[in-house]
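> For reference, the chains in residue letters:
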Amino acid sequence: MEIDPFIFRLSIFILSIFIGYFVVWSVTPSLHTPLMSVTNAISSVIIVGAIIASFSSLDGINITFSNILGFVAVTLAAINIFGGFLVTQRMLQMYKKKEKKKNK
Amino acid sequence: MSANLSSILFLITGVLFILALRGLSSPETSRMGNFFGITGMILAIVVSILSVNIFFSNLIYFIIALSIGGIIGGIIAFKIPMTAMPQLVAGFHSLVGLAAVLVAISAYYSPDSFGLGAFQSIKTASIIEMGLGVSIGAITFTGSIIAFMKLQGLMSGSPITFPGQHYLNALLGILIISLIGYLIINQSTQIFWMLIIASLLIGFLIIIPIGGADMPVVISMLNSYSGWAAAGIGFTLENTALIITGALVGSSGAILSYIMCKGMNRSFLNVILGGFGTDNSSGNTKKTTEQKPVKSGNAEDAAFLMKNASSVIIVPGYGMAVAQAQHALREMVDKLKKNDVKVSYAIHPVAGRMPGHMNVLLAEANVPYDEVFELDDINNDFANTDVAYVIGANDVTNPAAKTDSKSPIFGMPVLDVEKCKSVLFIKRSMSPGYAGVDNELFYRDNTLMLFADAKKMTEDIVKHLD
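Just so you know, the sequences run in chain order A and B. Per the working numbering: the first sequence = residues 1 to 104. Per the working numbering: the second sequence = residues 1001 to 1466.
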């Protein structure tokens, strides 16, 4: 009997939960705020769905309802991706400056 | 691009995201981690664009959408003050939630482009996954908006409760589950939209009864939801990158919620059911009947005490963020260090409005992270310390949590500031903290109350330290 591909995806999902569990427990508490902003940024990988929606036209001439939803979703996800990664970077830089200062 | 190749590349995206989180285990590796995260995201976007049929007109709109979003995101990231991080993160969560909803609606109306079958005859498994994704996304969206408004001060941070609230929520919950079930039999647009509306409504209703100081739990929980929503959409789109990311973010948010609940010694359910701090506890009524004496002092007294101390522990709380006192604080600490006073910082897990909130503010003020300690690491040091400088924290220092079994905060882990030789407690007035409990620390002989705005008082102390 053939295995439904859904089972494979479910396996990936379950194993990823465990990976997330162990990885996140090892995050130092002082970086919990950057952790939240970076998880927020990576969850915007939902943009892959928004991209499919943006190009879901059949003829390439008429813009469909689904396309418009796709464009809006791309905008929202882009705010998150740029905003999330950049603000994380900004925070992490603040942790760096002091290392340098200390070394002096 | 072939489906197999794109799947493998999406898997690599997932691995890069795991490395991004792994990097956060220490400040040294964290920037490398963020780089992995950005690389993973670029890879995911490029692979998806190469996997769809590109139409010129759509491509133009896509690029415009991406640029607008990118510019807005970039501006926000650079302009946002660090004290506003909690509301920023809440706002960002709402965008992920809304994006998930929009993608699901789009997939519902054009399932052929997503490879899910035809309109209103979508594969059973896909419609269940889609229903779950859209529902969790909608809850994340409205819930995060309420959290954002509470944190931004656009609506009162106090819990909003009404009779029958829990029954209404339970009813809506049952309705949502039944609607998802019903979608399997009948994929009509009415059912689909009813599901979205019910989910939007419950997202709003579950957050309004939760008060301001419980926000660390709420933000972490919404973080978790945004992950599960992404995973739900990932299953619908059969996309490995989304499934892995959703699982990572979902478990990350869940762990943070757990840590925050533990920091308050409350169960997750207790926080979510809300209404904490609204009922008048016995401590509150007692306060009005008997006026206990408190010692209050000024900046000069405080400066004198700290200058002559050999060690000081600073206990920051949400009040420091509100007053934006972190830079003044750093200045004060620099002066103290010049006087050979040993200074360290003690951070309670639930200090502030989001996990790690105080750490970021101190980092912004250039406080070296090796001077900042977590509750368990520093709590034993208070007994050997001369002065505790409590700036904007209240409930997390209340000794009643250890002694008074009737107190609403009994059992909550607290910082043992009362063991210090003297305690300087900055507070604007005698009003009780979030939990509505009187802090018996105020009436202790070794406590000196400094009634002022945290920033102003700290600046005044700096002047007197010269």
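If you're looking for bench data, these hints aren't it; they were derived computationally from the structure. Even glycine gets a Cβ: it sits at the ideal position worked out from N, Cα and C. Do not take every clue at face value.
[What the hints assert, rightly or not] Calculated cross-link-like contacts (lysine-lysine; reagent style DSS-like; alpha-carbon spacing at most 27 Å): (1) Lys1262(B) - Lys1307(B); (2) Lys1421(B) - Lys1456(B); (3) Lys96(A) - Lys1335(B); (4) Lys1295(B) - Lys1262(B); (5) Lys1337(B) - Lys96(A); (6) Lys1307(B) - Lys1421(B); (7) Lys1262(B) - Lys1419(B); (8) Lys96(A) - Lys1295(B); (9) Lys1292(B) - Lys1419(B); (10) Lys1338(B) - Lys1419(B); (11) Lys1307(B) - Lys1463(B); (12) Lys1463(B) - Lys1342(B); (13) Lys1463(B) - Lys1262(B); (14) Lys96(A) - Lys1079(B); (15) Lys96(A) - Lys1406(B).
[What the hints assert, rightly or not] With beta-carbon atoms standing in for the labels, derived distance ranges: (16) Ser1067(B) - Ile14(A): 23 to 31 Å; (17) Phe1078(B) - Phe8(A): 26 to 34 Å; (18) Thr28(A) - Asn1298(B): 37 to 45 Å; (19) Tyr1182(B) - Ile3(A): 25 to 33 Å; (20) Gly1164(B) - Lys96(A): 33 to 41 Å; (21) Pro5(A) - Ile1054(B): 44 to 52 Å.
> State for each hint whether it applies.
Taking the hints in turn, this is what the structure says about them:
no. : hint                              : verdict
1   : Lys1262(B) - Lys1307(B)           : 36 Å, violated
2   : Lys1421(B) - Lys1456(B)           : 24 Å, holds
3   : Lys96(A) - Lys1335(B)             : 23 Å, holds
4   : Lys1295(B) - Lys1262(B)           : 33 Å, violated
5   : Lys1337(B) - Lys96(A)             : 21 Å, holds
6   : Lys1307(B) - Lys1421(B)           : 14 Å, holds
7   : Lys1262(B) - Lys1419(B)           : 23 Å, holds
8   : Lys96(A) - Lys1295(B)             : 41 Å, violated
9   : Lys1292(B) - Lys1419(B)           : 21 Å, holds
10  : Lys1338(B) - Lys1419(B)           : 25 Å, holds
11  : Lys1307(B) - Lys1463(B)           : 12 Å, holds
12  : Lys1463(B) - Lys1342(B)           : 19 Å, holds
13  : Lys1463(B) - Lys1262(B)           : 40 Å, violated
14  : Lys96(A) - Lys1079(B)             : 20 Å, holds
15  : Lys96(A) - Lys1406(B)             : 45 Å, violated
16  : Ser1067(B) - Ile14(A): 23 to 31 Å : 38 Å, violated
17  : Phe1078(B) - Phe8(A): 26 to 34 Å  : 42 Å, violated
18  : Thr28(A) - Asn1298(B): 37 to 45 Å : 38 Å, holds
19  : Tyr1182(B) - Ile3(A): 25 to 33 Å  : 29 Å, holds
20  : Gly1164(B) - Lys96(A): 33 to 41 Å : 52 Å, violated
21  : Pro5(A) - Ile1054(B): 44 to 52 Å  : 27 Å, violated
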